[in-house]
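With chain S's structure known, arrange chains Y, A and C on it following the hints.
Protein chains: 4
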Amino acid sequence: MVERKDILQEPVKHIKINGELTVDQLIRQFSNSGSFGAGRLSAACNIYERMLRDEECTVFLALAGAVVPAGMRSLIADLIRERLIDVVVSTGANIVHDAIEAVGGHHYKGHWKVDDYLLYKYHIYRIYDIFVPEEDFIKMDHKLVKIYDSIAAENEGKSLSSKDFTWELGKRLNDPESILRVAYETKTPIFLPAVRDSEFGYAYLLHASRKNVNKLLKVDAFKDVLEITEICKRSPKIGMIVIGGGVPRNTVQSAALASKKGLDYAVVITMDRAETGGLSGSTLAETVSWGKVKEKADKIMVIGDAMIIFPLIVASVIERLGEKFERTPYIQRENLLGT
Amino acid sequence: MVERKDILQEPVKHIKINGELTVDQLIRQFSNSGSFGAGRLSAACNIYERMLRDEECTVFLALAGAVVPAGMRSLIADLIRERLIDVVVSTGANIVHDAIEAVGGHHYKGHWKVDDYLLYKYHIYRIYDIFVPEEDFIKMDHKLVKIYDSIAAENEGKSLSSKDFTWELGKRLNDPESILRVAYETKTPIFLPAVRDSEFGYAYLLHASRKNVNKLLKVDAFKDVLEITEICKRSPKIGMIVIGGGVPRNTVQSAALASKKGLDYAVVITMDRAETGGLSGSTLAETVSWGKVKEKADKIMVIGDAMIIFPLIVASVIERLGEKFERTPYIQRENLLGT
Amino acid sequence: MVERKDILQEPVKHIKINGELTVDQLIRQFSNSGSFGAGRLSAACNIYERMLRDEECTVFLALAGAVVPAGMRSLIADLIRERLIDVVVSTGANIVHDAIEAVGGHHYKGHWKVDDYLLYKYHIYRIYDIFVPEEDFIKMDHKLVKIYDSIAAENEGKSLSSKDFTWELGKRLNDPESILRVAYETKTPIFLPAVRDSEFGYAYLLHASRKNVNKLLKVDAFKDVLEITEICKRSPKIGMIVIGGGVPRNTVQSAALASKKGLDYAVVITMDRAETGGLSGSTLAETVSWGKVKEKADKIMVIGDAMIIFPLIVASVIERLGEKFERTPYIQRENLLGT
Amino acid sequence: MVERKDILQEPVKHIKINGELTVDQLIRQFSNSGSFGAGRLSAACNIYERMLRDEECTVFLALAGAVVPAGMRSLIADLIRERLIDVVVSTGANIVHDAIEAVGGHHYKGHWKVDDYLLYKYHIYRIYDIFVPEEDFIKMDHKLVKIYDSIAAENEGKSLSSKDFTWELGKRLNDPESILRVAYETKTPIFLPAVRDSEFGYAYLLHASRKNVNKLLKVDAFKDVLEITEICKRSPKIGMIVIGGGVPRNTVQSAALASKKGLDYAVVITMDRAETGGLSGSTLAETVSWGKVKEKADKIMVIGDAMIIFPLIVASVIERLGEKFERTPYIQRENLLGT
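Protein chains in written order, with this note's numbering: chain S, -6 to 332; chain Y, -6 to 332; chain A, -6 to 332; chain C, -6 to 332.
One should not assume that every hint holds.
Which copy is meant is left open, because identical chains are indistinguishable; a pair holds if it fits in one copy or across any two.
[Unchecked claim] No farther apart than 25 angstroms at their CA atoms in a straight line, the calculated lysine-lysine pairs in the DSS-like style are these:
# : residue 1 : residue 2
1 : K208      : K151
2 : K230      : K114
3 : K208      : K6
4 : K139      : K164
5 : K151      : K(-2)
6 : K151      : K204
These aren't lab readings, by the way, just hints derived from the structure by calculation.
Here chain S stands alone, though its shape is the one from the complex:
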């Protein structure tokens, strides 16, 4: 039985901003006040820091929402390069937008209040306040069709998993800033559980619809279930950071369940809410009933726009870790991927 005095232990310490502060100095003040979103954000930083300092933990990043075109491309590529993320599970679209820049295309700062029909006539696609010119998609489509041909030729009827597919893409893209490229070079798995639901699907249509196509790219819809489950099984501990939710969040959670493990660490950044029953807004408490997340797991949901929240978390944690921090992911140390 909790006693009254145990409940009233820690007075809120009010935030003070008297001059220049580093990101982590402000986040640590959020930890002292401990309230509402500020408390959740500071808890998320603590949890990500602990994931990284825990040598037995494999860190998953689940990625939904258009965060790559919106400015997180380098951030994610750098996290992979610096071994601060071990496995990526993403919507197809985020990786498509990485590929667009890898073939020389761009995303542009636009505006949400714009005549969409004018954009249509100008062949400019809008993602909220980002613009992408159609020709950059077309350029990528052409490149992808060639890459698909090449993958199909090399793999001779063998079905790939979505992870194999992304590595094959990374192998063929030369942009050192590309998430796909960095993932390929560091042997970091990128899973795309809904790979066809993106321009990768449209490129497949182009690839498959030509008269003279010899061999078709084969990606198996189920194969990566075996791979991601295996990673979970072999990792002593597993953690996830979720941006948005959707299929990527569900995929990581299901792998944690299928491997009979349950997640040890979980940070979810979302604007969704629980009451309408969708997965993205479901509480981390709910996942405990399934065994997807352990009851004792270190876990928090941060309610906010990931374009603000995730960079804050990364900046705070990188500041805490310091320049000398080095990390070798468990799955790489143990050569779990057999590469």
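Frame of chain S, contents of chains Y, A and C only:
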């Protein structure tokens, strides 16, 4: 140039509830007031009615969020049976939960405020305020493994699309109330663009992990892109009703784009919002810039819980159509699916 | 200790819509499925029905958000007239918009996607998708200034409560459809805890800024605290229906606390959420810690747009009560207001 | 006519976090990416900076939501002291919670997942994840009753405005960290348009219900309309920062309208959305139709939790202004308040 008097044409007519009202009588009052959610909801009913009365329109239902376990299973099965929906695009999970009931399992009314660790110990899974006993999942897993074996045996190395996969399931499930069964019987396509992201994926793990497995189920990740695009191409007009958003919404919109058509009708029911850049909350105006939805399309977003909103729309439209209304979907009339 | 079998009692009964349904027939189906928003909505109908059938209960309606201009004016006036609401606590603005129609003004169906600067030049005010011409505000301002003069003259330096103020307005407005008028005629208190925050405040500015003003209208900021607390004290039971939240919700809850009672029934309709710490989104569980709502109270929050949800609740409950139902509010039976 | 090339000017520059960053260094990167919430947040910092550097601008802070108990008490007191905020418009509750700490009470870090009935039995009030012991409220009530007596005695039947009331409180509270005290000392107006809707109302009940009370505190509900409008009228330019929305936002906007000015700068931090028609979620575009905000105003809404967003804005702007920045508010320079 719009003149002032053109803007001030139609005074709000206030809602009156003096006694018993049918659903459509209330919705028509919402149309007279025309404001906020009430105006959007009445517009959605008008659009769905027009889709159904337009003999050239193929109607897609995009399904995300746990609406099938939550009480919409019969509603969706009936809409398919009565030819009021022509194509379904769904998350894997919704169709999994249809299958659970098809093999004799159940969903139970539960509560959101519950000790999830107790549920865990009791082997009860929670979806917000719905409970599912683990044994019903296990029962379905066993059945699915047998079905996968059977599909693999019959298809001899041929890769299925996700649509083929759902029909193969429907063929092997005998429950006449099942969405999968009704879809199979009526030759209504169900696409699962992220099929592996659900218990269908775990059943695949069981299926593939056995020592003595002979043939593996093969579902091609990209194949259904060709099929869904073809349906769009051949349909003179296309319309969609979206519940939730996510991968299913994106899949329908991408097919509309890939077929160089653009949607003629669109109803989106969601709680997501546009500002964070995710697909589910993106406006229908934004889709116009891509050509996914036509500028002149009849379109509306309703901000609300689909478990309330969608049954209201269906009840209102069924009341309007009356008992004698009959509809033969264009894709069936023209035998577009070649069945 | 709850046993497993106790938890898995009631299978979800799926919604069936085979033909015309009354609103309550659909809501009762929501009750059978019991899930997500549908379950909450059906619970809200049950609770409002029980409030009305409980002869000891005084029913408060707390009103925030622009629901009166949006189409709820007659609905609320009728609820007051039929004695289905006993006390109203509102933002100033909702009552201002009632007054605008009472002096012959109108609200117009507009659109949210409009050039607001054009509206500005046309002297048309926008409330999301409702338009109000400035001249209707001006007409009301003129009338209000006269009414303020008259109230000041009659009350001779006496300070009014906000409830006195609304009755004085109702006395001077002849529109039988007006909320203010019906409240005055039925002696239903309308409290405006932030009365100055609305066009009533601007009219005061006009009233007070004239050179030749003799007597100033006096409304005491605190006086209605005594009145509303007294109503709570004398009512054996208290219930509230909240639209939106904000100051009106807080006012009712604080009166329940100040009277050392705690609410027995509570329905809150809102789109706000708890995590950011605001009152409007705070859970009804939280209010229990304060004693504002009883632990055993019959209570539910419905997450949705009140313009859809509240008319559904009213239609469902009116259908249940039937034509012969009559109700005399406790506070009127006992002449609690001393009128 | 905008040309295509004008639209595609500025490629998104991806965020890079290679080591320790100050808050403003990160925000400036958000400005380069320019997308979603990150773009809005960086715009908000720019606008607040411009407000402060504009010598003709009076800066209003509108305060709703429980931000003072949650950790913003010192932040707001410091902003007032440093002349970075000129006028405060607040819910009663935020100022009540300032007073609780001024009389020696505390707010405690708690948890949102807690047995509220246990808290009730322990006489602990919960505000999401903050706990307040009832005795601290009682202590403040006693003090307030004495202060009310003293104010009533000193003012001899004169009705105060809510601004007078807060200064009278500040005069009688000795805590130099108190918002009320600092506001009193710096002659910064604090308006409470719904003053009775808070513990200030309950204290009035105690004050007025005693048998032997001689003189009653008189606060006029409308008087501050004249004062706040006058401030707007006399200020060459006006700007506002809104936390949450509700009555405080509406009050500032109405004053801007009543003074025939329109706001020149506006930052709104909220989680509310526009579609349900409430004031808090209404767009700043909508306010242009009324003339509350100028069409050319520098304005942005940031969608997020104010406990995260507002400190980020303040930290970024304080870093930009540097240690030597000094500001004398226009209303003080011109002695607009006549003090």
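For each hint, the structure was consulted:
| no. | hint | in the structure |
| --- | --- | --- |
| 1 | K208 / K151 | both (11 angstroms within a copy, 15 angstroms between copies) |
| 2 | K230 / K114 | between (51 angstroms within a copy, 21 angstroms between copies) |
| 3 | K208 / K6 | neither (65 angstroms within a copy, 39 angstroms between copies) |
| 4 | K139 / K164 | within (13 angstroms within a copy, 38 angstroms between copies) |
| 5 | K151 / K(-2) | neither (65 angstroms within a copy, 45 angstroms between copies) |
| 6 | K151 / K204 | both (22 angstroms within a copy, 21 angstroms between copies) |
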